[in-house]
Structure formats: structure tokens, C-alpha cells
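Chemist: Fit chain G to the given chain H structure using the hints.
For the protein sequence lines, the chains are H and G, in the order given. Just so you know, we're using this note's numbering here: the first sequence kicks off at 1 and counts up by one. Just so you know, we're using this note's numbering here: the second sequence kicks off at 1 and counts up by one.
By construction, these hints were calculated from the structure, which means they are not laboratory data. Predicted, not measured: the structure shown is a model, and the values here were computed from it. Don't be surprised by glycine CBs; every beta carbon is placed ideally from N, CA and C. Hints may contain errors.
Per the computed footprint, the stretches of chain G lying under chain H, defined by three or more beta-carbons under 8 Å from a beta-carbon of chain H, are [claimed, not checked]:
id	stretch
1	43 to 52
2	105 to 119
3	131 to 141
4	169 to 183
Protein chains: 2
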Amino acid sequence: MSGTTGATYRERIDAVRTGLEACGAAVAVFGLSSNLRYLAGFTDEPGERLFLLIVPISGEPTMVVPALYLDQVQAHQPSGAIRSWADGEDPTDILRDIAAGLGRCTGRVLVDDTLWAGHLLAVQDALADRTFGLASDVMNPLRMCKASDEIAAMRRAGEIADLALEDALAEPIAGCTEIQLAGRLEAAMLDHGAAGIAFETLVASGPNSSLPHYRAGKRRIEDGDVVILDYGCRVDGYCSDISRTVACGEPPNEADRVHDAVRRAQWAARERVGIGVRAEEVDAAAREVLTTAGYGEQFVHRTGHGIGLDVHESPYIVGGNGEMLQEGMAFSIEPGAYLPGAFGVRIEDVVVVGAGGAVPMTEAPQDMRRVA
Amino acid sequence: MSGTTGATYRERIDAVRTGLEACGAAVAVFGLSSNLRYLAGFTDEPGERLFLLIVPISGEPTMVVPALYLDQVQAHQPSGAIRSWADGEDPTDILRDIAAGLGRCTGRVLVDDTLWAGHLLAVQDALADRTFGLASDVMNPLRMCKASDEIAAMRRAGEIADLALEDALAEPIAGCTEIQLAGRLEAAMLDHGAAGIAFETLVASGPNSSLPHYRAGKRRIEDGDVVILDYGCRVDGYCSDISRTVACGEPPNEADRVHDAVRRAQWAARERVGIGVRAEEVDAAAREVLTTAGYGEQFVHRTGHGIGLDVHESPYIVGGNGEMLQEGMAFSIEPGAYLPGAFGVRIEDVVVVGAGGAVPMTEAPQDMRRVA
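Looking at chain H on its own, in the form it has when it is part of the complex (with noise of 0.2 Å):
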């Protein structure tokens, strides 16, 4: 957060402690991962470059940095102690040295989830002796219930999202590469003030959208196609997810009819939203509609995912998640049907748990509207 001072930095730092002592753990090795920004301020995409950040359960803090990223971490002022290594140099130096001073934190190793492997084996192979974890067993608690400072940046990239699917919509999309509309999406984005695109927009026209997960292609758009846009963007570090389904001229008969069972669905799921209801009965919330319009084997994925600095975070509204929800916690309600080879239909808005229920954080209108 912009806002986001080094006392709470170390507070978080705080907590990371208490969490490996609860967790029967002794460090804590993070690499550039959302985690590193809630911990220090800080993040840049994973990369070959040793990077790492190591909370021992006692002492301080060590950030492991590549020589050029040290003006901007020095900026940030983290706690503890910073080592430093030039491209040519080999880092494991630096590696073995912090282990050894790692020896009366005894104990396992909880990793970052999505640390690459190559620094992990690093990692492994200064710390020998030791069992590795995942991070996520402290970090999960933590991040999932936001505070107001999170939410307020969640909302503001809703905001922008929401702006952007008028603009992009603005002007024919007949024509148009899914790719072009994407980058449509992307630029309106950024000029209304996000700092950049949560993830790779995806824009899925004719029967591309009946793939849940493709992503955008050279396919021109066509009149009586239907289109599933997903996309979001980032304040502060923090993302926005939103999918609405639309339609170039006229669609298919039956579109109209899956696009109305899945707007029913996402509401029912939305309705079931409360504190202390169970993740996988917002699943099933979702799920019951869609079974009873004769879509159920058509919606093929879950109904959500938690969201916050990561677009994919906990925590997930999937069958079998039995996971309580608490005030606070933001995830995606995104029901979708997909008839193959035909077209698909997904709408999507993240909300956050509030004391009245499920606060919505974009609020595009929802219809299958039709474009030119």
C-alpha cells in the first residue's frame, strides 16, 4: 500500500514469527512474491537472480539482493540485514553463509509457494539437514481477511475495471482480434490510474469461449459471436477480477438462456455469502442452479478464488472446502457454462466478506449486452 508505514512492515514481520511458532517451524524463505510485498514493501517478477527474503523465528530479518535492485530495496527501508551479490558472483556463498548462522533456529524451512525451483534447490542444499514446508500455512491466515487501507485499493481497481469494459465497448468490436480487444482493455486500464494489468487479459470470442481457459487469440470477432472478457488490474499491488459475457450483434438462440442461468447462479452464490458460512456452500450455491437449468456438467471449474495481492490466493470456493468465512475475506464468484465446440458464458465479480453478507467490488452491469 502506498499508505502501508515500516511499523507495520515490522508487525507483519511479527507475525510471520508467531506463525512459524505455531506452525513447529524456524524460518521463513520467501522470494519476489507477493508475500515479499506484504512483507517488505517490495516485489518485481520472479526471475533467474537469486532474490530472497529469510525470517528466522529469532533475530533479524536477511533479504538476499541482486546488486541492481539495491537503490529500490534500500528505499524501502526493510528491517534487518541486506546482502547483496553482483551479477558475475555466485550467490550461494551468501546462501551457506546465513545458514550456518541459522543454527540455533532448529527446526523446518517454510518455503514460498511459488518460489522456483532452482532457488529452492539452492536453498535446500545450504540447509541440509533440514525438512521444507510451505509458507503458505503462515502466510494464508494472514493475508486473507483485509483490512480497510486493502479493500478501499480492491475497490478503486474494481472501479477501473469496471470503466474500462465501457470503454473498451465504446467503439465496434466487430473485426477485432480477441488480441486487440485485450489490449483495448488493457490500455483503458491504465490510463484510468491502475499500475498495471493483473494478469493477461483473456478475451474469448465464438467457440474459443466454450474453453475456459484460453486465453486470447488472432481470431477476428464476428457478428452472432459471444464473448467472455476477463480481466482485471492492480492499485497499490492489489488486484481486481471481472468477467461479463457479451454478445456481437445477435447470438446463438440458447445463449440468452445459459447467460440467464448463469447470472442466477453467481447471484445465488453471492446471496449465500456470510460470516461463518462454508466456502464449498457458496460452491454448491452456485452449482444447485446451474444443475437444475441442465448446465451442471457444463460448469466445469470451480466457483471462485480468494484474491488480494495475488489473483489466485485462498480462500477457494471449491467442493470440499469446508474452510469457515470471516469478515473481510475477498474472493471471485464466477459461475460459467461451456457447451463445446459452441460458446461459452462466465460472469464473474469478486466480493468481500462484510456483516451484511457479500460486498461487491466491481459492478459493471451484468446483461449479455449486445455490441456492435
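Modeler: Using the frame of chain H, we list chain G on its own:
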């Protein structure tokens, strides 16, 4: 590659097996990565869902695939078995089952360098009696020297980057935020036929240009700013990567002197490129020019990185890398000089090693042009 056939993928899988044998390893494990694309024609951003390609030294490969990817994976007709799992199921059951079947392939397991720790720990758990190494030992030699179709894709990605520069600078940049200008570059690349952007575009203006790894922020570009643009796109999975330094109006006096030194350094490195030359010699050629010009201390990073399906891959053009250049190797040459708090300059082109020396993939003018 859009024109790559199933036969090519089978040959590449065979080459992995040969590589495993040469390394004394028994199994290679890949996640959603450029290696997966190279071996199976398909990839996506890595995620929390377990997605693996497991290649044993003998017997058929197996893919572990989340159900919602199944259609897309099958469309690529990968050789070997596909084991899919649905949201709500535990994929580690499949993993243990596969591990049991690998009993005859005794020996080391090589894993994708970018495989997430969350997935690697699951693999290590299923194959608890094995030692682990990095798949780059096998994949780098395969991927480092590009074939003509790969070079054609990189050249096209470079042409699109060249065109996007003209588009983005055709309108005034004064008053734009860095992020807005980044959005302009990205939309222009998608509009010119790129399949996607290669990495988050870097626009660093004024004092921000002195931070070599700064991305893009809300700073508005002002008259007198030096502005570094560093961006690229993808064509058929292959990346371009170009940096140009421009000025908004008239830059500080020293900027032209620094720019001239960086440009001479870049050309010294380009001219050093040839078959049999060591990577570190190319680095040294650039470094020597900047040192003589008095900016050696301000050139804080390596001269370049290999590029292909990944933005950063082997070979690295860095001091200490005695690797000999071979025909078809592709890498960036991007010397820079950064004057803390004032400004920075970087000039970058990707080149491919040809019989006659360096063949550039981008050709946009290098001069520090003055833009309104």
C-alpha cells in the same frame, strides 16, 4: 511455433531422454513453462493447480492436467498419457501413482527451474528416495541455438517492437504518466499482430531512469526528462526485447555524452560477437568502452541475457561466463549507465549469432531523439 508438428515435439522429447542419459538422470519434470511449450506446444501462466509433464528416460511421458485444461491439451495431441484431475480432487494421489510406475527408472530427477515450490515439494514427497537437480542442464543445450523458424518468429516480434516505438512516440509524451506510455506501447504491439507482451513494459522517466530495474509508475513525464523505454512482445511464443532512451524536450547536458558512450559500448559488444567467441568477451567489450568514457562504475549490470521462449534464458552475457558462442544463439546486448538521482541511459537490441557476426532482431534508430 504455429508450424511446429507433432513429429518435432516427439523429436524434442527424445532429445530430453538423450540429455537425461548424458546427465546420469532418470526423469524430467516440467510445469507450466516455456519448456512445456517447447516440448508439447502448449503452456500458460503457472498457477496453484498442479500441471506437470513427466518424461521418464524410458517409457511414455505422462501429463498431469487440471480438468479445465483438458480440451486445450488434447487439441495439441501430446504423445503419452494424460491424467486429469478436477477442482476439489487431490492431484497428489495421481502423482504417487505415477511415481510408483517410475520404479524402473532409478536415478536423479531433474525439475523445471521455474517450477513452483508448492509443486516441487509435492513431487519430492512422491519421489522421496530421489535426489533432485535442474532441468536446465538438459534444456539449455537444446534451446540455446535457435532454428530458422524460431529466428523468423523472433525477427517478427522485433519488427513489431520497432513499429510500436514509432506509434507510441507519434503523439506527445509530456504530461503522460509512465504507465500510460507503457500502455500505449503495449496496445501498439498487440495492434500490430503480437500474440502478447513479453514482459511488463518498463518506462522510467527523469530520476526514475537512474534505477536500472524500475518498471513504470504514476510519475508524469516532464520537459527535460530522459526516458528509458524497455519492452517487447511475443510471436508464436518467441520474445522480442528492445530498449531505447529518448528525451522529452531538451535533456540535461551530460545526457548526450552518456548516451554516446552507451551507444559506442553497445556497438563494441555487437562487433565482438562471433562463433567461438566467449560470452564474457562480449561483456568485456561493452564494459571497456564505458570504463574508458568514465562510466564503468555506472554500468551496474551484465551486458545481456539469452532470449527465446523465455525473456531471460541462456546464454548470459556476463563476466565469468566462458561459454563459447555458437551459430543460432540469441541474446540481448544492453549496456547502460545510471547516474543516481539524475538519469540513466540504456540501449538494447537482441542479436542472433550468424556466420558473419551479430544479426539484429530490432532496428529502430538508436539516437536519443527529442520528443514533444
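Chemist: Going through the earlier hints one by one, which of them does the structure break, listed in rising order?
Modeler: Per hint list: zero violations.
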